[in-house]
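Please model the entire structure based on the sequences and the hints provided.
Each chain, written out:
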Amino acid sequence: MNILIAAAVGGVLALISLIGGVAAYQGQTDGVPQNSLYNYAAN
Amino acid sequence: MSPRLRRHAPDVVLSVVLALLVLGPLEISRGFALRGDMVFVPHAPWKGAYLGLDGSVPRSVPMDAVIWLLDQLAPGDLVQKAILLVALVVGGLGAARMVAPARVLPRAAVIIAFVWNPWVYERLAIGQWACVVGYALLPWMVLASVRLRERRPHGWAACIVLLGLSAVCAPSVGLVALLTCTAVVVVRPRWRALVGLWASGLAVNLPWLVPSLLSPGGITASDAQFSSFAARAESSLGVWASLLSLGGIWKTSIVPPERTMTVIVLLSCLVTVIALSGLRIAVRANDRRTILALGLVAGVSFALAALPTIGWVGTGLGHLSTVVPGAGILRDSNRYLAPVVLLLLPGLAAAVGWLQDQIRPGREALLSVVVLVVLLPILCLPSMAWGLHGRLAPVRYPAEWSSVAADLQSGKGSTVVLPWTGSYRGFAWNRHQAVLDPAPRYFAGDVLVDDRVFLNDRVLPSEDDYLKSVGAALTSPDASAALRALGVGRVLVEKGNGVDPGQVPSGRVVHDGPLLMLVDLGQPADSVRARPPAGWVLASDLIALLMVLFGVALIWRRSM
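First to last, the protein sequences are chains A and B.
Using my numbering, you'd call the opening residue of the first sequence number 1 and step up by one each time.
Using my numbering, you'd call the opening residue of the second sequence number 1001 and step up by one each time.
Check each hint, because a few of them may be wrong.
[To be verified] To be clear about the criterion: a stretch of chain B counts as covered by chain A if any three or more of its residues have a C-beta under 8 Å from a C-beta of chain A, and this derived list gives those stretches: (1) 1255-1269; (2) 1356-1367; (3) 1380-1386.
[To be verified] Here are the computed distance ranges between Cβ atoms for each label pair: (4) A:Gly11 / B:Ser1236: 23 to 29 Å; (5) A:Gly11 / B:His1154: 48 to 54 Å; (6) A:Gly11 / B:Leu1073: 51 to 57 Å.
[Stated by the list, open to error] Residues from chain B that keep clear of chain A, each with C-beta distances beyond 10 Å, as calculated: (7) Arg1147; (8) Ala1241; (9) Ile1281; (10) Val1324; (11) Pro1477; (12) Val1510.
Please keep in mind that the hints were generated in silico from the structure rather than gathered at the bench.
C-beta atoms are modelled at their ideal positions from N, C-alpha and C, and glycine is treated no differently.
Now the structure itself:
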């Protein structure tokens, strides 16, 4: 039982870290346009 | 170590560690984080505008006066670092205090969920630090309101002080604090207490209310402001999923990259679902009335945040704001989402506590599930680490700003800042990040900046009639003469922000450097700007100050 739980938690942890971490690091977007709402400053 | 200290030590350590992780580079080196509305300067010169005396829209009254006061004690960058650090630590401790009987892991879960969430990220990223300070006071507001409702010592005094501090932060923060306090008290109606509460709430909010209402020119609202600043979808899951996971700010360019991914928003919603599920246990174990009150506040807050996203509601509210003075305070609806977190805290603590109870011999690994739930907000928002992934990295003002500040020391009418295209700038020395022009706070005298808001698809008009006149003067054939007639004696050009040299009114060039140019237009006429009556404004400040001091004195006396 313990091994199953640990494996499941480890898997979920790895998956979230991978998806979120890579997106955060690369600034990846999922199709939502990134617009600049101030005229001269895009960030 | 005393038992009390030993009990709170993990909360203090976790709150400090989280605050340091969130603020990151800002806390380890000198300089300013300048982003969006977050503007601090080395030593702000005193101005009547900080109290709303100059006739401009009192957007940061009286917070600017408080910052000026703090600037007298320490350099501006240290003031900024201290305020942000203390706010996040105090917020984390307040969240833990709200679920006080809970064990260490449930308390850790609520501290993390309170400090590390999309709402805090997005407010810091857009520079609304005062909203974050007000947010940090909310758990303490709940605790004080419970004391008031239950007629326990310090209830009244703590409520008055916290309402006063919230009103200092921003008008919207003052409103949210009053809403929270009212909801907690109203679930066990004590009408005298409610009347007293609203009277106190009104008194401490007078410093921004009086200049707004008595401003001779009035404040002109735009009917497009609600739809322009309505909450928005961050991912393909839509705006409701964004709001349920505490995100959905209108300005999509500052949304953390991972929040645009469907799976991450879905997982963030899971934190909300877990917390809401835990409420069933929390209601059985805790003060049922307070949880009901938190549900009431969360419901109203969610409605305020979500309703403007419905097309016709946003349009209707926009029209309403042009006829009802002050209704514009409800724009940027995502700001009002903050109290939803308060409802999630007891639920999350109860859910984590329940999970912890399921750990038995043979199922010890369930502890890893508990830890996963506790850490889920961080895992879903890695961009928040290290100063929002570098977005809060400090910069220093160029030496040229300090040299021009010396030129502007002697008073000779107002100074107009160019470009006259909105209040936000993208300075190369600030990594081109959008920031509210620091000039009005940095330089002495009446420094005028265009207050129109330039969006991608529209321009929200100025809310200040005098600034509209200045804008018109700048486009007149003899701009120098037209500006002098309005009481403007100088023009400051912030280079690198799109000013065409041909647009600069003619005059004597006092300074022409790589970043700034200062032009003397000649002797100006007396300023024609209409100002609210100073006596009324100062009286309102005095009333609010006395109220807060009265509350502090009451707490002090009873603690002795």
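**Earlier hints that do not hold, by number** = Going through the list in order, the structure violates no hint and respects every one.
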